[in-house]
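Peer 1: Sequence:
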Amino acid sequence: MERAELLDQVATALAARDPGHPLRVGVDGVCGAGKTTFAAELAARLAKTERPVIHLDPDGFHNVRKIRYQRGRDSARGYYEDAFDFASLRRLTLEPLGPGGDLRYAAHVHDLATDEVEPRFAVAPRNAIVVFDETFLQRDELRACWDEVIFLDVPRRRAVERGVRRDSERLGGDDAARDAYERRYMAACDIYLTEQNPRARASIVIDNDDPQHPQLLLVRTGDAAN
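Residue numbers (my numbering): 1226 to 1451.
Honestly, I wouldn't trust all of these hints.
Label-pair restraints from in silico Cβ distances [said to hold, decoys possible]:
1) GLY1325 with GLU1407: 39 to 49 angstroms
2) THR1261 with ASP1327: 27 to 37 angstroms
3) ARG1296 with GLY1397: 15 to 25 angstroms
4) ARG1351 with ASP1399: 46 to 56 angstroms
5) ASP1404 with PRO1244: 42 to 52 angstroms
6) ASP1336 with ALA1229: 29 to 39 angstroms
7) VAL1444 with THR1261: 16 to 26 angstroms
8) LEU1441 with VAL1289: 36 to 46 angstroms
In the SDA-like style, the derived pairs of lysine to any residue whose C-alpha atoms are separated by at most 20 angstroms in a straight line are [stated by the list, open to error]:
9) LYS1273 with GLN1234
10) LYS1291 with ALA1338
11) LYS1273 with ALA1238
12) LYS1291 with ARG1302
13) LYS1291 with ASP1307
14) LYS1291 with LEU1337
15) LYS1291 with PRO1344
16) LYS1291 with GLN1234
17) LYS1273 with ASP1307
18) LYS1273 with ASP1233
19) LYS1291 with ASP1310
20) LYS1291 with GLY1303
21) LYS1273 with ARG1242
22) LYS1291 with ALA1308
23) LYS1291 with GLU1341
24) LYS1291 with GLU1306
25) LYS1273 with GLU1227
26) LYS1291 with ASP1336
27) LYS1291 with SER1313
28) LYS1273 with PRO1350
29) LYS1273 with ALA1353
30) LYS1291 with LYS1273
31) LYS1273 with ARG1351
32) LYS1291 with ALA1301
33) LYS1273 with LEU1231
34) LYS1273 with ASN1352
Hints were generated in silico from the structure; no laboratory data involved. Note that CB positions come from ideal geometry on N, CA and C, so glycine has one too.
Please put together the full structure from these sequences, using the hints given.
Peer 2: Rendered as structure tokens:
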């Protein structure tokens, strides 16, 4: 399937969903699956519908450095458990946007560059569609907070290749980036896949091995995994 066609199909299915509060859509997948690009393109498609769209920046929901690296910079378990401030994401963002919520949500909690915790709040329209992309979105503490979860399924080798290519400069070259992915980032994803089985729990599953020709493997909107 052509990428544009698939994005239109997914956007149409999501825009038809009205749970009575903002539709909370998580874009899940391992590191290097293509989540950020997919989420941005999906949000652009959704913006063409009659629904207001809120695309949250995942960089605004990291833990401070002291917590992120408390188990060491190479720790896979540390990346899985400590990298993201999912407690704030749930309490300040997803729950206020969910059933019975007051619609006042945190669009940003932590500044990744300055390491400052400075929540910024906004008010969502009740019929909004909220898109958030990050790894580990279906961990136990978050799973019930999503109305729909899109899982981008990518072979491990392909994900590592993409991650190394994307982060080579930031991590000190190809060899250093590959080592970081194998020891920390992808190793953390291996923990996630084993402990949470996110592919089976997602409401939409997409084979994103070839980003220009993704394949829609599963659609069960209205029955997001829980």
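Peer 1: Could you run down the list of hints and mark each one as holding or not?
Peer 2: We went through each hint and held it up to the structure:
Distance hint check: the CB atoms of GLY1325 and GLU1407 are about 44 angstroms apart, consistent with the given range 39 to 49 angstroms. One distance hint, 27 to 37 angstroms for the beta-carbon pair THR1261 and ASP1327, holds here, with the actual separation near 29 angstroms. Against the hinted window of 15 to 25 angstroms, the Cβ-Cβ separation of ARG1296 and GLY1397 comes to about 21 angstroms, which satisfies the hint. Range check, ARG1351 to ASP1399: Cβ separation about 48 angstroms, and the 46 to 56 angstroms hint holds.
A beta carbon spacing of about 43 angstroms between ASP1404 and PRO1244 agrees with the range 42 to 52 angstroms that was offered as a hint. At roughly 34 angstroms, the beta-carbon separation of ASP1336 and ALA1229 lies within the given 29 to 39 angstroms, and the hint holds. Remark: the range hint 16 to 26 angstroms for VAL1444 to THR1261 is upheld by a beta-carbon distance near 22 angstroms. Checked against the hint of 36 to 46 angstroms, the pair LEU1441 and VAL1289 passes, with Cβ atoms roughly 38 angstroms apart.
Distance check on the hinted pair: LYS1273 and GLN1234 sit about 13 angstroms apart at the alpha-carbon level, within 20 angstroms; holds. A distance of roughly 14 angstroms separates the Cα atoms of LYS1291 and ALA1338; the hinted pair therefore holds under the 20 angstroms criterion. Restraint check for LYS1273 and ALA1238: satisfied, since their Cα atoms lie roughly 13 angstroms apart, inside the 20 angstroms limit. Between the alpha carbons of LYS1291 and ARG1302 the distance comes to roughly 15 angstroms, so the proposed pair stays at or under 20 angstroms and holds.
Proposed proximity of LYS1291 and ASP1307 is supported: the alpha carbons are some 10 angstroms apart, at most 20 angstroms. Between LYS1291 and LEU1337, the direct Cα distance comes to roughly 12 angstroms. Compliance with the 20 angstroms bound is thereby established for this hinted pair. The hinted pair formed by LYS1291 and PRO1344 meets the criterion: a straight-line CA distance of about 18 angstroms does not exceed 20 angstroms. About 42 angstroms separates the Cα atoms of LYS1291 and GLN1234, which puts this hinted pair outside 20 angstroms; it is violated.
Taking the CA atoms of LYS1273 and ASP1307, the gap is near 36 angstroms; set against the 20 angstroms cutoff, the hint is violated. Under the criterion of a C-alpha separation no larger than 20 angstroms, the hint pairing LYS1273 with ASP1233 is consistent with the structure, at around 10 angstroms. Between the alpha carbons of LYS1291 and ASP1310 the distance comes to roughly 12 angstroms, so the proposed pair stays at or under 20 angstroms and holds. About 11 angstroms separates the Cα atoms of LYS1291 and GLY1303, which keeps this hinted pair within 20 angstroms; it holds.
Taking the CA atoms of LYS1273 and ARG1242, the gap is near 15 angstroms; set against the 20 angstroms cutoff, the hint holds. Taking the CA atoms of LYS1291 and ALA1308, the gap is about 10 angstroms. The hint holds against a cut of 20 angstroms. Restraint check for LYS1291 and GLU1341: satisfied, since their Cα atoms lie roughly 12 angstroms apart, inside the 20 angstroms limit. A distance of roughly 13 angstroms separates the Cα atoms of LYS1291 and GLU1306; the hinted pair therefore holds under the 20 angstroms criterion.
A C-alpha spacing of about 19 angstroms is found between LYS1273 and GLU1227, which places the hinted pair at or below 20 angstroms, so the restraint holds. Proposed proximity of LYS1291 and ASP1336 is supported: the alpha carbons are some 14 angstroms apart, at most 20 angstroms. Proposed proximity of LYS1291 and SER1313 is supported: the alpha carbons are some 16 angstroms apart, at most 20 angstroms. Taking the CA atoms of LYS1273 and PRO1350, the gap is near 16 angstroms; set against the 20 angstroms cutoff, the hint holds.
This hinted pair checks out: LYS1273 and ALA1353 have alpha carbons roughly 13 angstroms apart, not beyond 20 angstroms. For a cut-off of 20 angstroms, the pair hint linking LYS1291 to LYS1273 is broken: about 41 angstroms separates their Cα positions. Among the hinted pairs, LYS1273 with ARG1351 is consistent with the structure: their alpha-carbon atoms are about 18 angstroms apart, no more than 20 angstroms. A C-alpha spacing of about 16 angstroms is found between LYS1291 and ALA1301, which places the hinted pair at or below 20 angstroms, so the restraint holds.
For the given pair, LYS1273 sits about 15 angstroms from LEU1231 by alpha-carbon distance, which is consistent with the 20 angstroms threshold. With a CA separation close to 14 angstroms, the supplied pair LYS1273 and ASN1352 stays within the 20 angstroms bound.
Of the numbered hints stated above, those contradicted by the structure are hints 16, 17, 30, listed in ascending order.
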